[in-house]
Amino acid sequence: MPRPKANKVSALLHRSPRLRLAGLITAPAGWLVLVYIAALAALLITAFWTVDTFTGKVSTDWTTENVVTVLTDPVYQRITLRTLWIAIAVTLIDLVLALPMAFFIAKVASARWQKLLVVAVLMPLWASYLVKAYAWRNVLADGGLLEWLGAPIGLESPGYGETAVILTLSYIWLPFMILPIYAGFDRVPDSLLEASSDLGAKPLTTVRLVVFPLLVPSIIAGTIFTFSLSLGDYITAQIVGGTTQMLGTVVYANVGAANNLPFAAAVSLVPIAIITLYLFIVRRTGALNSL
Amino acid sequence: MRLSRSAKAILGVVTALVFLFIYTPLLLVVVNSFNADRTFGWPPRGLTLEWWARALDSTGVREALVSSLWVAAVSTIISLALGTLLALALLRYQFFGRDVISLLVILPIALPGIVTGIALNNMFTTILGVSLSLWTVVIAHATFCMVTVFNNVIARLRRMQGGLEEASADLGAGVFTTFRLVTFPQLRSALLAGGLLAFALSFDEIIVTTFTIGAGDTTLPIWILQNLFRPNQAPVVNVVAVVLIVVSIVPIWLAQRLSEDSVGIGAARVKAKEG
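Quick note, the sequences are listed as chains A and B, same order.
For what it's worth, the working numbering labels the leading residue of the first sequence as 14, then goes sequentially.
For what it's worth, the working numbering labels the leading residue of the second sequence as 8, then goes sequentially.
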């Protein structure tokens, strides 16, 4: 017996599937529950605490003041509506750009090109979020590329502000919309399209009556990404937003400069609530399985 | 559906334009890292290697790079171990709470980064009273990197046949020997791909990092954020940005070649899931 100890453990594990399962699941499930779920639960609780104005420390006196302020103060209502509007605009822009492109890659391009184009969509997906936001700072800058491109046709660069935030976020999250829609188109069999055409449907009719209904879960999967990621953004708003405030910037300001974690926690409940509501609404479409 | 030639051509042109839209800003950063003009007016008036030399010479950049590599490496190792264990458990066993756990693992990429960031920040500082450091960043990164490893391993496990492992056990191999000689070799390329994706994800991450990093520490993305608004640092920021693009794209490209499983967008959150 070269390694008696290991053999004993191994024999024990071999006899008992329950022990094998426990050995596998304890560490990862423990990590997720102790680190992540505990943190989310603590966040929810912290939103109902206060900050001692003298010491700057969090005090555990219960209050609904933070949550009430976030919900009723016109300032935060405006910021919530603006953030929602930005997230919706970004989602719509990405949808309009992604649909024709995903269709082309899945159904028109040859097999070899298809592979290449998918990789070409994927690569910038992984290029740093920060670098992409920063790239747009370069594009939108005074005397930058956009001004140079727009000058001959009389267009001005929007400069830094809300429009710049929408443009930049659309840019950053676009691949997250293209990929699920591409996968959706890819799953629609060609024979179905041919049958529709054989029965006399024009291409647009086929798209409307055959392709689109099959594609709905993929489209919703894409919108979950663009919508949810835009709702939580604060870096892009900082980099190209000028003075534009989003929910994320309020959270960040309250964690850092204002040192009011309970209030930041209360503000962060707003995007959590909106996303949970959205997920709840789209749950029945089967979109959650295509994430 | 038979598309007319002109319809195909229009779709092709739209696709080309969107690709132009995707790649132009990134190329602009690369070009500007060689731009002799400090304000990056377009078109560039001259090219220079000065910013690259200054970036290489900067101790701030070097320290940030080392921290980034260290954080990414440690997070990758932790997420490789946890993600693999979890995938094996969820695919091979039926048990109470299995669905809850499979939902739990995607939560860190389904919720916006800012929620993960502030939840962990609050946990560390308010609840536990731990001071923030590179270790707290590692814990945060490992939590969402686990998903990419998990996705890669579970996709591979689904395509593997259990028969080989049973045969190994029938021939008298212990549980550990079977894993080492039968299961692991089949998982190897999926683990490598998942590990590379996790590494790239961690190396790039900014939102969660800003909430979990100590005051004295910097990673490369944090360094960019801190220097972004300093006019005299702008040229060096461009160089660091190019380094970030290259260091994050190369592992993705490698992972893509290693494994057909690694396309899964769920793994991307995200995360984006930066974000």
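These are calculated hints, taken from the structure and not from any lab test.
Treat each hint with caution, since some may be false.
As the list claims (entries may be wrong) - Quick list of the computed label-pair ranges, beta carbon to beta carbon:
id, chain 1, residue 1, chain 2, residue 2, range
1, B, D64, A, T76, 51 to 57 Å
2, A, F67, B, G53, 53 to 59 Å
3, A, V88, B, I84, 52 to 58 Å
4, B, V37, A, E169, 21 to 27 Å
5, A, G36, B, A16, 54 to 60 Å
6, A, P202, B, A174, 34 to 40 Å
7, B, R187, A, V229, 55 to 61 Å
Stated by the list, open to error - In silico DSS-like links for lysine-lysine, alpha-carbon gap of 30 Å or less:
id, chain 1, residue 1, chain 2, residue 2
8, A, K70, B, K15
9, A, K21, B, K15
10, A, K21, A, K128
11, A, K215, A, K120
12, A, K120, B, K15
For each residue, glycine too, the CB sits at the ideal point set by N, CA and C.
Evaluated hints:
no. : hint                          : in the structure
1   : D64/B <-> T76/A: 51 to 57 Å   : holds, 52 Å
2   : F67/A <-> G53/B: 53 to 59 Å   : holds, 58 Å
3   : V88/A <-> I84/B: 52 to 58 Å   : violated, 45 Å
4   : V37/B <-> E169/A: 21 to 27 Å  : holds, 26 Å
5   : G36/A <-> A16/B: 54 to 60 Å   : holds, 59 Å
6   : P202/A <-> A174/B: 34 to 40 Å : holds, 38 Å
7   : R187/B <-> V229/A: 55 to 61 Å : violated, 46 Å
8   : K70/A <-> K15/B               : violated, 63 Å
9   : K21/A <-> K15/B               : violated, 66 Å
10  : K21/A <-> K128/A              : violated, 50 Å
11  : K215/A <-> K120/A             : holds, 16 Å
12  : K120/A <-> K15/B              : holds, 10 Å
Hints 3, 7, 8, 9 and 10 from the list above are not met by this structure, while the remaining hints are.
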